[in-house]
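Chains as they are written, first to last, in the working numbering: chain A, 21 to 176; chain B, 452 to 716; chain C, 660 to 1443.
Simulated from the structure, these hints should not be mistaken for lab results. The reader is advised that the hints may include incorrect statements.
[Said to hold, decoys possible] If you want a taste of the chain C side facing chain B, the calculated C-beta under 10 Å gives, among others:
#	residue
1	E782
2	K845
3	G1310
4	M1348
5	Y1366
6	Y1369
7	P1430
Don't be surprised by glycine CBs; every beta carbon is placed ideally from N, CA and C.
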Amino acid sequence: MPTVTMTVNERQVSGEVEGRTLLVQFLREHLNLTGTHVGCDTSQCGACVVHLNGDSVKSCTILAVQANGGKVTTIEGLASGDALHPMQEAFHEHHGLQCGFCTPGMVMSAVDLLSKNAKPSEKEIREWLEGNICRCTGYHNIVNAISHAAQQGDAA
Amino acid sequence: MHDFGYHRPTTLADAAAALESAEDGKLMAGGQTMIPTLKQRLAQPSDIVDLGAVEALTGIREEGGALAIGAMTTHAEVAASDLVKARIPALANLAGGIGDPQVRHRGTIGGSIANNDPAADYPAGCVGLGATIHTGKRQIAADDFFTGLFETALEENEIVTAVSFPLPGQAAYAKFPNPASRYAIVGVMVAQTGDSVRVAVTGAGPCVFRDRAIEAALSSNFSASAVGTSSADESALNSDIHASAEYRKHLIGVMAKRAVAAAGG
Amino acid sequence: MPDGSVGQAVKRREDRRFLTGKGRYVDDIHRPGELTAVFVRSPHAHATVKSVHIDAAMASPGVIDVFVGADMEQDSIGSLPCGWTVTDRHGEPHKSPPHFPLVRDKARYVGDHIAVVLAETLEQARDGAELVEVDYDELPANVEIVKAVGGPPLHEEAPDNLCYDWVLGDEAAVDEAFAKAHHITKLDLVNNRLIPNPMEPRAAIAEYDGGLDSYTLWSTSQNPHLLRLILSAFVTGIPETKLRIIAPDIGGGFGSKIYCYAEETVCLWASKRVGRPVRWTSDRSESFLADAHGRDHVTHVELAMNETGEFIGLKVATRANMGAYLSSFASSIPTYFYATLLAGQYRTPAIFCNVKAVFTNTAPVDAYRGAGRSEATYPLERIVEVAARELGMDPAEIRRKNFIRPDQFPYNTPVALTYDIGNYEASLDEAMRMINYRGFSGRKAESQARGKLRGIGFSAYIEACGIAPSSVVGSLGAGVGMWETAQVRFNATGTVSVLTGSHAHGQGHETTFSQIVSDTLGVPMENVEIVHGDTGQIPMAMGTYGSRSLAVGGSAIMRACGKIIDKGKKIAAHLLEASVEDIEFKDGNFTVAGTDRSKSMAEVAFTAYVPHNYPEDLEPGLDETAFYDPLNFTYPAGTHICEVEIDPETGVTEILDWVAVDDFGKVINPLIVEGQVHGGVAQGVGQAMLEHGIYDSGSGQLLTGSYMDYCMPRADDLPSFKVGMIETACAHNPLGVKGCGEVGAIAAPPALINAITDALGIMHLEMPATPEKVWRLAQTAAAE
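Just chain A, same shape as in the assembly (with noise of 0.2 Å):
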């Protein structure tokens, strides 16, 4: 079986896994990093989105062997310590969640568009979320936190 060495949350981390492994089981299961979620079998859903070398992607669409080498940031690596990461906290400020199954692919999402396009209107931020399905909020308040902590800066 391959082994794959990674950074994940900015830790060296090795594991055996199959070829068909993929990376958001390597995540769950050899890591045990289950704020990663995975609803939905055709990646639409986007409740796996990580980051992987600096971009967004959906971790039930890739092959841990695939991520060999790389970094990886998942929702357990956003907050330093205590203090939540300027997303995590606008998503609370705004009621941003409900559920939260759905919350760390959004909340990964809404990192990289801010890292991508630090002042998104209204409308960027709606066609952003295009690959991340909530069935809580109806996307009002998770479209104002993320305006929000683009207004306050610091949260790509």
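Starting from the structure of chain A, add chains B and C where the hints point.
Relative to chain A, chains B and C alone:
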């Protein structure tokens, strides 16, 4: 998904060799179609040859009046490329509208065209812009490359290395997305270069095609008002729960018109 | 000290764990030695299962066992019951054919459960499942509601596929009204099938403890106690004392996680059979096939009016799809949660409704957010709109003219409900103000100048929630009571554990309930811990559905707090050497009336557990349990207005503006309540414009079996919402609150269809209003 042998070559030669020696090997580019297919157990390759580490397949260059885009260039890279935005903004715009941001960070132009999904955007981009597809062994005109539903002119184990797009005079892409999947129900690339106008349609039929009637109409008058109606044979168009053939045919005209308007016509 | 937080937009206490990836959902939990289950599902809509060959699967690496229906029958595992018996128009009980967790004779829908494969890993179980060979004799599929009766029969118990033929209301009075009507408006409409799609797929882990002969089941359930009751009493025979059900963090439910499902039942049973924990997590593809679906009605409605446009009679005939089997509460949805709401906000004196519920070869249909009430509001608010257009009346004015007036409450409707309180005109006026109704014609002209069609749509809805008075639902056939429980337990150090039977799966109970307890008992919110979702900790309870958590569960908490205060007064009186009657409780302090002598709640709690100086006749401890059975439903009501713009060239509809003005009575936390409105409206918009569960009418295959084809609302499909509120406090619960979780899904569909038809200048189009449908109608409208 069934298990498979995984290979990650760094050169084209090694990739070709890995593919040759596999019992039933498959190339993987960005994996954004292949991995979902494998997850659904709709394919069972013995080996996967991942092109992700082949340096030679990356990069965007301008050469000889064309943009050459390496096969493993992601949609996000094409969309964000200053060079593409300056020379063929229609192409940057097309790439920026594929899938969603996360898919664009992984999905590649080479993977997209080799797969030739009937609702993918790049086939319209390639045919509309009169691109040339480069493989390990030859060059194929886009008009000859896309041969049918998920079918291309690629031979077994032939690897797409790059796509070169001649710089158009004016061009634009307009897409009517499927509200669920966000693939194209109809996508139209319109390009005018000199006297020549090309209109390529994706999503509407089993494979990308050129709409000759609209091309003819625009050749004499490159303006939105001249587009007229599509010449597509309605009986050959796709029809499903999202859109009938009749509606798709109508949308070809509308999207063509909007593309022409966006192109400045 | 109290936080004084009731009514404040307190930020949610539960957010932190979800935002940092520390939420604990069922699939995040692992048990030592666990096996993974994969189900072999029927690829056919209707087929006799002749034989199942499991040898190849059993020989597959990692496969431990494979079971079929006969194995469960051998262990006397029963049928999954329907908990509500509807009595038909002839006085006969509805037809409730058996629904075995693994089929015993036939597969009755695509996705029906044929066998289960248990293996060491998920992929090994999948490999094994591929090797199970099933011999089917395909039967003709019965898919369409309108052709169901007399079509190929699904069950011996219901040879004509009719589950029931049920009526409500005074048919003679309605006939009389229609006979003297000045104008009659008629409409046929379809309430499209929806697939709930909470983002967390269903999951279960079952573990059997041979030493204690007891089971633990982790389930994605909205109501673990109810699930335990059903599994114990009707399905497995496991005593309730030997079955603990834990529903930890649950990623949304919307009704679909109320029910007792085949998969968790099989895991529970198999865990003892194989002597190892058994886990199962649904793929999204399986969710589409096998979660209970929602809606799916075909309705004819007629409204009779007098010369001035007053409603004098309403007649409704509905065919409702039950799917292949009766899900846990399926029968009650198109009856008691539907026809009873047909009065809406109006004084219509005579209403008659007939519902025929049918079996088809499709997934079972049960409650989905707004259940029944959404299906009632749609025909009602549509026909009112059509009537206004036929009569040339303003849509606001026809509604206003017919509203029940504030001085008419309590108001008995002709369809069995008593509305306690409301002010419908107030919400209509506020909504019209917020959307600037008077400016609409100008905006429409401006759209027209750009070649676009603009329309405006009203929906003045009411719903009945906070279910339900047990005696009422019992008399209507419910198999359970619908009270709720709460236990408020002071710890010796003054912290409070609140054990509630309500279950949160997104609703923010940990915050709202803490606010109530903090304000009522005068303890800081951080000292209050809300515990839910565990039958091992919480007294018998009923769970969360029908927007009941605050109105019923919250009221139970208030009751328990009241008992705490009563006991605290006795302890304080003793400490203060005063009589109990003289003790007042306020802001966390027990005070001797008219003096400054007092004891804090913390001191009293400490004394209760360290009773060195304590009343002789009083038990130690400060731990009170209360059960609350509501006296009535709560009746949130309001007006939603939306404005749309249609591109006639493509048929694309854009929602430009959405105003929701709702009356939820007292609001504990406006931040959370507004979030509930947003989410509900989004699901209603989904129904009206995007979502449609479609089965192929010939083969019975589900054509919308993934997000590639089932259109979920995304961020760019929706606008920002404007939410307003008016308040008439609920007259019969201690908090004065009404349910808020479902109104958006109830109000939104007719508002949107009214707006789209207004823009197109037509009377009706069926949901979902897809671009192609709208484009076709726009062409016709332009041609006329």
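Legend entry - Given hint C:Y1366 near chain B, where the shortest CB pair must fall under 10 Å: C:Y1366 check passes; min Cβ-Cβ to chain B is 6 Å, inside 10 Å.
Inset, instruction - Double-check C:M1348 for me: the hint is only fine if its C-beta lies closer than 10 Å to a C-beta in chain B. - result: 8 Å, holds
Legend entry - Hint validity - C:K845 Cβ closer than 10 Å to any chain B Cβ: 29 Å, violated
Legend entry - Interface hint compliance - C:Y1369 to chain B, C-beta minimum distance less than 10 Å: 6 Å, holds
Legend entry - Restraint outcome when C:E782 is required to lie within 10 Å of chain B by C-beta distance: 7 Å, holds
Inset, instruction - Would you check whether C:P1430 satisfies its interface hint, that is, whether its CB is within less than 10 Å of any CB in chain B? - result: 7 Å, holds
Inset, instruction - Mind checking the CB of C:G1310 against every CB in chain B and telling me if the closest is under 10 Å? - result: This hint holds: C:G1310 lies near chain B, its Cβ roughly 8 Å from the closest one there, short of 10 Å.
Consistency with the previously given hints fails for number 2 only.
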